[in-house]
Amino acid sequence: MALETLIQLSLATLFLPLAGFLLLIFFGKRLQRQGDWLGTAFVSVAFAISLVILFAKLAVPETVSAGFTWATFGGIPGIGEVNVELGILIDNLSAIMLVVVMLISMLVHFFSMGYLEGDVRYSRYFAYLGLFTFSMIGIVITHNLLMMYIFWELVGLSSYLLIGHWYEKKSASNAAMKAFIVNRIGDAGMFIGIMIIFVHFSTFSFDAIFGAISAGNLPFESQAWLTAAGILIFCGAIGKSAQFPLHVWLPDAMEGPTPVSALIHAATMVAAGVFMVARLFPIFTADALLVIAYIGAVTALLAATIAITQYDIKKVLAWSTISQLGYMIMALGVGAYAAGFMHLVTHAAFKAGLFLGSGAVIYAMHAALHKQHDHDTDAQDIRNMGGLKSRLPVTYWTFLIFTLAISGIPLTSGFLSKDEILAGTLAFSTLSGHWLLPLIAFTVAGMTAFYMFRLFILTFHGEHDRPERLPLINEVPGVMSIPLIVLATLSIFVFYSFNPFGASSGWLFQALERPLSVVPEAVAPATWPVLYEAISRVHTLVMILSIVIAVAGLAFAWLVYHKKAFSADKMAAAMGPLYRGSSNKWYFDEMYEAVFVNGTLALTRISNWFDARIIDGIVNGAGSVTQGVSRISGWIDNTFIDGLVNYLANITGTIGMRLRKIQTGNIQTYLVFAVFGFLIITIVLLTF
Amino acid sequence: MVLPEWLAEPGLNHFLVVSAILFSLGLLAVISRRNIIMVLMGIELILNSANLNFVAFSRYGLLSIDGHMIALFVIIIAAAEAAVALAIVLNIYNRFGSVDVEQISELKD
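Those protein sequence lines, which keep their order, are chains A and B. Using numbering that gives the first Met the number 0, read the first sequence as starting at 0 and increasing by one per residue. Using numbering that gives the first Met the number 0, read the second sequence as starting at 0 and increasing by one per residue.
Think of the hints as simulated: they come from the structure by calculation, not from any bench. Note that the coordinates shown come from a computational prediction; the quantities given were computed from them, not determined experimentally. Note that the Cβ used here is the ideal one computed from N, Cα and C, for glycine as well. It is possible that some hints are incorrect.
Selected chain A positions facing chain B (Cβ under 8 Å, derived; list incomplete) [as the list claims (entries may be wrong)]: (1) T663; (2) G664; (3) L670; (4) V671; (5) V674.
Generate the whole structure from the sequences, applying the supplied hints.
Quick look at the structure:
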């Protein structure tokens, strides 16, 4: 197959979901079954095409890229002509990501057909799923920062629309707004980062930017600016991938329909940040990568500590997602590029599975509660579950596989990728001395195993909260269980590497060759051969440690929640403030509420006061002064000016009144005056 | 009876005096009479005093024949003036029903 065909095929995968979106949004209600089959069919075809792209791409080493000039800005002083290009880049990274996105999207489409049956905005839901898929593919296959940013925002928009799908619920519309606004904060940083790059290089294209930097042309001739640009662009990933400190939106986003949580808020969109870091990996300096690694580590630890104490099944999964995303970011930060991205792929499969599984549980619980006419019991609270194993066998077994995978138990996909991440962090610490990173990574691995099995045991094992409800719970329909089975199958190691204890020999790891860093050697991260050598040294140790830790976490959860060897309540009481902090998510929401929300409100109040008192005061004061001055000037005018004029007029008037008596109208009198006047003049003239 | 010297031989001064008296009488009539006809007659007297002056100057002074000519003109003009003035008087009488100059004082207002 000619490589150019890949471009056309990837365009097809891009526009098929868009076509689905447009058809559904305009004609959805008129189509049969409200058009769900249409969106699903389009995405399925796109998935098939993406598989073709993946196999075709893996067969050749070259990357395929094509673009065209979208807009030309000519004659900019000092720069000349600037061409803004749009285009497509297909390399191993984007081909793999494309398949991940399309696969999860397709399975979620199928699952949604069951989960959202009879929903009020059924066709609109499928339309938005199409819009999301379109935007996500746009991020994946683009070859420039501008398009990436555009689709980045589109993804944020579709996420907003889908979280707020049930917008009649106040909590859902609030969650949608929160997600959007928090993401905007990260995106603002990303935009500034992109602008730093664009202002200096006058191009958005990855290739051109990488080429310029590797030629020694740094933004503003400074390595610090390059680091700053990297960290600012990473801010976008902090928002989108729910990293500390912008992680607060993701748990709230669980207000959306559960399949949406699986697609967007677990598997694909939140991985966009990871993808972006991987895509721009060459331009990150060692300092920027260190920041990235620590942000990831803090996020992983923070989210894991919170996940331990949550009771809402989706909230636990949401926090575990944040924690796993932290893992991926940390892996990329330490330079374990393939490990981080591989974890994205494996995590996408088992986390989508976990969410769809939880969706199945919630669906079944809802149906049972509905039959009981019970509208008060929370269908998502794991304290109301228990013992579901017998009633939901398919969900149970698939959920078990997903849980094993996320906990990093051998023979699962999760073990492969997590093992590589742990090895990467430990190797990095042996090279650089940042021992905190592997410490956090291993701690989180144990905690993950613990809280995931806590969730699993409380949901499926033990006694059901209300034994009489249990018989009413029935297995979900095939359209929902088949996606679970597919994803469970994909959580087995064999799809990623034939060696269950080593990912590095697998095709995925081989395909994800770490790109060469383009930054100056002085600030570049440790090269891959160096890191790889360190990884090889510690790999066996890490593998044993990670198995021990995961099994220990698992066993501890088993002891606490199944055997009840220790009382969870007593342990919580013993932890005291730690427990309260964790169950309240370390008060981040309250803190942000107090600092930013109330701060903004206080600022508006101050501005309002300033406006009402100072600005209006100045205006009113100026008015009063003018009024006073005009009153004085009016008084002067009335008294002196008018007085003078009136006085003159009065004098004239008085004189006139006096003089008018002379004017008798009697012509003879005038004549007398004339004669006497003449006589007087004559006498005067004659005398003198 | 022997006339004093300044009376014995009539000269220019005599005429002028007579003319002055005539003028004064005319003026007096114009000023003091209330009947407009009498006022017109006063004007005639004034004109005649002027004529007397012209003629006297013509006889004793430097005006020579011009004085006579002017006197003749004045007489002609006086005749014309009398015609016009009497027409005016007639109109005044029609308008006011009186020929009393005291009552014809609308100019005042």
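Hint check:
1. T663: 6 Å, holds
2. G664: Holds, because the Cβ-Cβ distance from A:G664 to chain B comes to roughly 3 Å (cut-off 8 Å).
3. L670: Holds. Min distance 6 Å.
4. V671: Holds, about 6 Å.
5. V674: Hint on A:V674: holds, closest Cβ of chain B at ~7 Å, below 8 Å.
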